[in-house]
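> One letter stands for each residue in the lines below.
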Amino acid sequence: MLQCIITGILLGGLYSMIGIGMSLVFGIMKLTNLAHGDLMILGTYITMVVSNALGFNLVISTIISVIVMCVIGFIVQQFLVNRVMDKGEAPALLVTFGLSIFLANLMLKIFSADNQLLTNKMASVNVITTPVLSVSASYLISFIVAVIIIVGLALVMQKTNFGRSIRATSDDPMAAELMGVNTKMAFAAAMVICMGITAVAGTLVGSTFTFYPSSGTQYLIIAFGVVVIGGMGSLFGTLIGGIVLGVAQLLGGFAFGSGVQMLIAYIVLLVILALRPNGLFATSAVRK
Amino acid sequence: MKMKKQNLIILIIAIVVLFGILPAAGSNNLLQMVTLMCLYLAMSQMWNLLGGYAGMLSLGMQAFIGIGGYTLTILSVQFGVNIYLSIIIGAVICALFGLAVSPAIFKMSGVYFAIGTWIVAEALNVFFSNWKFVGYAKDWSINSVFGMSTRQLYYTALVVAILATLIVFVLLRTKTGLALMAIRDSASAAETMGVEIYKTKLKCYVIACFMMGLIGGAQYMQTAYINPSTGFSINWTIAMTFAVIIGGLGTMEGPIVGAVLYVIITQIMYNFPGMSNIVLGIIAIVVILLAPDGIMGTLYKKTGFQILSPRRSIPKVGETKAAE
Amino acid sequence: MSLLEVKNIDVHYGDFLAIQDVSLNVEPGTIVSLIGANGAGKSTIMNTICGLNKPTKGDIIFDGNNIAGKKANQIARLGLTMSPEGSHCFEKMTVQDNLLMGAYLEKGPERMKRLEDVYRLFPILNEKKNQQATYLSGGQRQMLAIGRGIMSQPKILLLDEISLGLAPVVINDIYDKLQEIAETGLTMLIVEQNVTRSLSVSDYSYVILEGKVVMEGKSSELNESEVNDAYFGIGDFAH
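Protein chains in written order, with this note's numbering: chain A, 27 to 314; chain B, 2 to 325; chain C, 96 to 334.
Simulated from the structure, these hints should not be mistaken for laboratory data.
Glycine included, C-beta positions come from ideal geometry on N, C-alpha and C.
All clues given are correct.
In silico EDC-like cross-links for lysine to aspartate or glutamate, where the CA-CA straight-line distance does not exceed 20 Å: (1) 185/A - 211/C; (2) 187/C - 222/C; (3) 185/A - 192/C; (4) 56/A - 186/C; (5) 185/A - 201/C; (6) 185/A - 205/C; (7) 210/A - 112/A; (8) 113/A - 186/B; (9) 185/A - 186/C.
Chain A side only, calculated, beta carbon under 8 Å to chain B, not exhaustive: (10) 119; (11) 121; (12) 123; (13) 124; (14) 125; (15) 135; (16) 285; (17) 295.
With the rest of the complex left out, here is chain A (with noise of 0.2 Å):
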């Protein structure tokens, strides 16, 4: 029982760091992308190939996976989602849609649909281990590199100019437009910050847990449920949202066996967003 807590606590860590990406994407341009899980496991993928192909350790390669992810954010946003942001609900939504199909497939092509695992010397490590507690390393740096980032994007988005035009894009464009803020590039850098976080993301994910092609569905899932939980757009809801699921999971799993435990987790989102129709914490996002 315990056990279950404290493990749920920390792979809340990485769910939120799943979740991060998605909720920053969405509080800021109100686009939820539906590739956002595909993304993250792309971001795997890579961090796979460069540890494969080029013999650098995990972190190297991940910081490699992390500017290519960058890059592909950018090029997603200028060319995808700039073009339909204006459009409505419908498109933005479906577009993104195409865009989780077309990379589940390529990467389905490319990589087969094989279980991966992403080889590290942490993954089996226990950094406690008591007859009625153990923990994992893996599950530890994934929670401590959660709180760091989560953390570091909140300083940087409340203190600085950067992060302030940033919020002041997603609150009203057009007068951020009208003080001078570019910010169609502004929307660009917030979809480039996210998808380098997922880009960690996708490495924590593919050293704890296997991964394959079409993981991502799962993962768009978990961090739409972070999200929901925590409220679209807050950082530290994010921390909660994947801590609230983590939990669930976990207990849900001992209390009706492993199988089910995802069954649970879907189950308390649905009950969640069945209660509180725009997230648990929505209080300024169903203003407008």
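Keeping the supplied structure of chain A fixed, place chains B and C upon it in accordance with the hints.
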């Protein structure tokens, strides 16, 4: 250019006759392809009813394909129930299931609805994968349908397709249709006009669930085996969405054109394994970027051409914003 | 030489000609007002100058640059700041962050000093500096929008309908502040529906009717009842 009524009737009779005599004339291959077209047409028509007319973009209609397929399997294989009766019962179960989840998912709107419905389907996938009675995630062969003729499968699909099209055709010409268009164009305005949004949406949703169950049953009649990850696969939604986007969201002809194209493209891509969905994804993105109204929507805007769609809006000539 | 010169612009919304052959001049250090009824096209003119709309014909020369058709953020960079109709504060951001957004293009410590100036001008904003803009009253929002405009230290400030929907006493208050700002020598182009107020606050006025300039002149020399006729399109201005 709007077709006159008698022309329309002649056209429809001609099409029905053509499809009726197809088995006598066409090869088995052609027949199988048209069968697929019919099934995808029916799916797309229903998806379009929700997404294009009722403003409910669902990414979870595969839930009902799966339920339809599994009901057919369980009833006909396990309990020896007549195949067609099994399919109809499956559709009824889908309608009831849709009704049961509606209080929850109808609270969501927009993307929440889209992903909420998707989660329902994924949850069913996990549930069935962990359900001993259906053999967990293993393939279950539907041996009750073994030995059905291509012709029999074709007629079943044809009936389903005609039924789906007819339902949308009639529905849009009743008061429900008017209410739907009012909802899609402005939910708050429709509400103040006294339209009972909830009931109208629910009606469409339950009808679509029922039909999806029917389609799922008809689909698995010919697939002849089922497992949770294909039964509840997002690929079903990909197919429907693709057909509707390509054909034209919110037109009645769109899903027909889209479904035909979908089947043709997937057949062509059959020789390039794994490429099909990649190409579909690219086509969908390009269409949304360049012709967001799809083939029929664009055609309608350019020439005013339509056969089945009711007049959706006043033509956009001289449409202007207020000066200030 | 004019700071801002609008030369014979047309603006279309789709096929609809909203603005027809409008020309304006704004001399440095003056306040120029656009007067006109609802729907006359005042906001369209303002939005076209600041780059939110594109003119289909004509030039807009600002400080020696032709800005017609440029993007709003590019125009803002040249020193033309607009406070749009309805204030458009950044609702979820604090009052102080709103003001700092006004000085977005400037990174130096100078803007902290300017922040003090704005707080001195509008003490209420200082009191509420850590509150979200969404909790401000209508008058306070306008003050915030004006303050945000000043923060960018523009060469010209465009103010669109700053008195819309406010109580008369609040409007007086805001116009008093506007006089104070004008005394610093800031050039302004304002839109105001109230003819009397418009004439009293500005140096030069243009009356807009159905997308055209129908009357212009020094505000002190314009006859208020004639302006009213032009405003409503009656008398000589009937068509």
